[in-house]
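4 protein chains.
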Amino acid sequence: MERIKVGIAGGSGYTGLELLRILHSHPLVEVIWISSESFAEKSLEEYCPAWVKRASLEFLSLSKQGVPSPVDVVFLALPHGESMSYLKLFGPEVKVIDLSADFRFKNREIYEKVYGITHLEPLALGEAVYGIPEIYRKEIAQARLVANPGCYPTSVIIPVYPLLKEGLVEEDIIVDSKSGVSGAGKKPQESTHFCEVYGSFKAYGVGKHRHQPEMEENLSELSGRRIRVTFVPHLLPVKRGILSTIYLKLRKEVSEQAIFELFKAYYQDRFWVRVFPPGSFPELKWVVGSNFIDIGFLKVDKQLILISAIDNLTKGASGQAVQNMNLMFGIDERIGLPENILYP
Amino acid sequence: MERIKVGIAGGSGYTGLELLRILHSHPLVEVIWISSESFAEKSLEEYCPAWVKRASLEFLSLSKQGVPSPVDVVFLALPHGESMSYLKLFGPEVKVIDLSADFRFKNREIYEKVYGITHLEPLALGEAVYGIPEIYRKEIAQARLVANPGCYPTSVIIPVYPLLKEGLVEEDIIVDSKSGVSGAGKKPQESTHFCEVYGSFKAYGVGKHRHQPEMEENLSELSGRRIRVTFVPHLLPVKRGILSTIYLKLRKEVSEQAIFELFKAYYQDRFWVRVFPPGSFPELKWVVGSNFIDIGFLKVDKQLILISAIDNLTKGASGQAVQNMNLMFGIDERIGLPENILYP
Amino acid sequence: MERIKVGIAGGSGYTGLELLRILHSHPLVEVIWISSESFAEKSLEEYCPAWVKRASLEFLSLSKQGVPSPVDVVFLALPHGESMSYLKLFGPEVKVIDLSADFRFKNREIYEKVYGITHLEPLALGEAVYGIPEIYRKEIAQARLVANPGCYPTSVIIPVYPLLKEGLVEEDIIVDSKSGVSGAGKKPQESTHFCEVYGSFKAYGVGKHRHQPEMEENLSELSGRRIRVTFVPHLLPVKRGILSTIYLKLRKEVSEQAIFELFKAYYQDRFWVRVFPPGSFPELKWVVGSNFIDIGFLKVDKQLILISAIDNLTKGASGQAVQNMNLMFGIDERIGLPENILYP
Amino acid sequence: MERIKVGIAGGSGYTGLELLRILHSHPLVEVIWISSESFAEKSLEEYCPAWVKRASLEFLSLSKQGVPSPVDVVFLALPHGESMSYLKLFGPEVKVIDLSADFRFKNREIYEKVYGITHLEPLALGEAVYGIPEIYRKEIAQARLVANPGCYPTSVIIPVYPLLKEGLVEEDIIVDSKSGVSGAGKKPQESTHFCEVYGSFKAYGVGKHRHQPEMEENLSELSGRRIRVTFVPHLLPVKRGILSTIYLKLRKEVSEQAIFELFKAYYQDRFWVRVFPPGSFPELKWVVGSNFIDIGFLKVDKQLILISAIDNLTKGASGQAVQNMNLMFGIDERIGLPENILYP
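Chains A, B, C and D supply the protein sequences, listed in that same order. Following UniProt numbering, the numbering of the first sequence begins with 1 at its first residue and continues without gaps. Following UniProt numbering, the numbering of the second sequence begins with 1 at its first residue and continues without gaps. Following UniProt numbering, the numbering of the third sequence begins with 1 at its first residue and continues without gaps. Following UniProt numbering, the numbering of the fourth sequence begins with 1 at its first residue and continues without gaps.
Be careful, since some hints might not be right.
The list treats identical chains as one, so a pair stands whether inside a single copy or across any two.
As the list claims (entries may be wrong) - Simulated crosslink set (DSS-like; lysine-lysine; CA at most 25 Å straight-line):
1. Lys187 x Lys249
2. Lys299 x Lys113
3. Lys249 x Lys208
4. Lys302 x Lys249
It should be emphasised that the hints constitute simulated quantities derived from the structure, not laboratory data. Keep in mind that this is a model prediction, so the values were computed, not measured.
Work out the full structure, taking the sequences as your base and the hints as a guide.
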């Protein structure tokens, strides 16, 4: 099989570099170009010495040079609001996987309100498929434009979906998430200064994080009910990883075994989902670096506690994007994605 | 005023050493002795070089030497189950502050079930006062035996109490807590191995942590209603600190300002409680090392989110114990306790 | 005794806040004002919530408001080059302790070359006393202007001085230092981004760090010989602390016991120096947060290995500055300085 | 090509699990069995949930079950002293790569003195090849028994070798090394307790670390001169990685460019060595997780500073072991070894 030709727009940030980590060793992919407006003409080796002796790419400037060589698929690893302006650079024969929030909402008004930006490509909102491969597998396979989900929503929608779909739980969901610092991006700011984070812990964006409406819109659509999410994200003093503790109310009596079976029915053939038996719970260290989402749960009377863990840059961003790419090109979703983690 | 003579039983663990950190610089206290069965006859300097040039104490063995000198108050910083067996060593003229769980429950059966131990001093259960100075101030002032609360319950009961007391919230409470590793004690075990913790994060004791019944018993007593707590503790990769995110349902419409006023009414004259204005939230770094409990909150429709932060070894254990001592001896509760934190 | 009236110029950085931590609880000091051009009119509580309920200071702008109230001593916690321009704001009756490098060099040309700045107050260079209280005690007691030493030089000069002074070691010294991130200051930059530091380690400024000529000038002056220092600083993934491993060549046969006695002779009556017996070595955790310098050593044939540990913001900066202030006002150097550390 | 059949003896420690991480995805290897006396009959998935859905191995007990299936090569990831007793379990047709110190010394007496053990297989000491593939490539290719070097010696011998070999530097070498905690192994002990390490830093084993005589014996043999190493290892509060700062005295005037050329001449065709141009230096984050050794250097007069960085479990142990295996089986040394690191 001929290799898939890939371009990465916005390659110098954390998700861009994570895309490169994965795609560079993907056996069916060839990375044709990688762009960065800030680091144009800088070599990858110089920018990130981990690449010395391994790859000889150079960042190019899409704004100055235009699209340099035809590719089969482009990943947009760009800031929200900027990403959508790149869409028109690529003809309809080029598949696009967007890692920003620009195409995640069906409802343009919600997007514009949440992100405070006028949408430049409103027509594409209808075309875009929300890229959770475990749920929208068929739609992704036929999509030209995939909106890669937010990291927190990924950690929540996958475990909650089967329970909502089967009508087992109430509409009010509490999500207490904890994320590593890389979620805040590569640009230095006070909140990512080592001395402000190390040894500390805090909630942030309480009651106003942008991923809350994203979860609500998607879960409401998936369940056909109006889902309300109370969402409190926290900043963990680690580099990578999201662990979400989710509190649901059961609508009827269900055994833990039945819940376990339900998860198996939904996800047994989804390689990247690992459901733990009742009473076992995920830990960041078993997923960070891999594309897995690990799920554990416990029932206490009518309260159901779900715990999920992902790597925010892999399953929460670039790994899932490549998983989507695999589906879009008819490849097994396991191929080329990291399974291995570094332990200890 | 003559200095209070103090003994510390079980001084070689983390809470014992934290007691010493505080009591050694308390202007109205003299530490008369400190005991440790494992490190008997070892000098403090040798055990913990931070004390070189500063104090010349030596651990003694209570089991071998008996109580060496009369003291006014003894702190028991001993394992659960062991602590209660020390009570009879001290005459009724000696005040006792117990940092274990042995005297925290009113209901002996719950204690015996939760800790799997037959209680040796059941009569003392009625006498013991649950040592949250912000709530049981008067009782503590007259107590001979104070049961110092668990670290998690401290972080939960103080912020929840005014809301329950005023009947503003429902009986079902969700508590999502995150604690530093020092909560697991000084003894090396797999779960505290640096390589197993650093860069990771996990929930533990889900649905079965011993502090859950402690919270339920106390909150039920305080509110006169049957309170149910869903409790999920997590292990933070830091040394000290607990941040608890608490989810409550409001029973009626109340404004954030009214809630803020309520907190002020209850805690304005409690020095060690700092309530943040609506929308501001605590961070571990502002409390770790001090005896403060910081509280923030936000209302989203009928959902009330409380966030509290303490140092688990200070306000969550030894600091609160000394605060109790102050009250028991008629001293201002602010005296001798750490306010200062190390920043950065 | 009347309290010493203190002003802090440049109070919003890490050394400024550390000065405040110490001076606020110093029993013989009253902090009259604290300045910050960037945060003028902002309250301390708002800037740093650890101060809520504890102090009600507000940053003022010296450039706009001038010196607000007469003080006995001013601490300059300002950037190199900027600090010296503040000197003329204060009359000769005000003592000045400068934490920048501006008055550390006797030789103006070296300063100008190393810092790339024309010196504005060259006359003051002769007047300024290099503020290591363990060595220049008498000079400091009579000084009007003290140049507080660099953090690395403090960790090196104190342990090396007795050996050089007694002619026991060669002129070539190798210093391998490791410092926490707070040494790089509060301003966010790529090199202090949490994700760039956490879990990593590197050397930096190899062969060109500005503290190298500072050490060479001072050690040469102290010993009357031309001392050459090979200096390699490293960035430790912790917030505070410097540990320096120093390699010296013995010029003659000396026993470890004799070296131990030598250290005792020099430093026995210096409270803030703790010399460990041969074969015991300092650790950051025993000094961070305190004003101590801990020193250990080992002899292997003619090679002498010294290891010193300090808190870079305390003994390495603001603590030493207050220690100097004590001497300048005839106060015991132990008073008001932090001895206690947080363990664990 | 038929896959190499591999057995791992002692698979439950950190180096055993690291061997598995590498060998499991090595395209020319099949892991036939993995043993652990302590965890015999436990499944890998249960022991280490990162393996769920990925491999279905079970630890077996060599002592109870004997060698279960014939393999082409066995890795001994066992404690010093224990390892050598396993040698006789395997016939001469099985290649053996030993990760302990048991076969690293040519001189039996030094081994016995340093490790305090009587050697059980002294004859094998002559046969064993010291497994640094960059230096002993030919010998390793023909070896039956390879003694995989210590982690610290690996970080030192590779950068120092060309300089010693060419007679450019003096015999006295100072090595200041810093290692992550995983070097201390998986067994919990006080020195690896999270709360004892996090935020701290210390030297350990000063003047008596067992890797010092290993370096001295090997460097002396390589150079034909009596090399003396002053070695001070330090404990870094990170999980993985060794950074060694090495101080050498030049015997003659050499330019940095000439040194750079020398390194290139020795290591240009050694894939796993990356030499940085003068003035650039390695960082742990660019090597941790990979099998690379990165080397930087700077000359200051006659002082030469070398800095090397490796992952102590990969290039410092299991990665180098697999690299040796590749050579022993005539495979390109790059194959199957990790190049990719996780950034950030």
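Consistency of the hints with the structure:
Proximity of lysine 187 and lysine 249 under a CA criterion of 25 Å is satisfied in neither setting, with 40 Å inside one chain copy and 38 Å between copies. In this assembly of identical chains, the alpha carbons of lysine 299 and lysine 113 lie at most 25 Å apart only when taken from different copies (21 Å versus 37 Å within one copy). Taking identical chains as interchangeable, the C-alpha atoms of lysine 249 and lysine 208 lie at most 25 Å apart whether they share a chain (23 Å) or sit on different chains (19 Å). In this assembly of identical chains, the alpha carbons of lysine 302 and lysine 249 lie at most 25 Å apart whether taken from the same copy (6 Å) or from different copies (16 Å).
Checked against the numbered hints given earlier, this structure breaks only hint 1.
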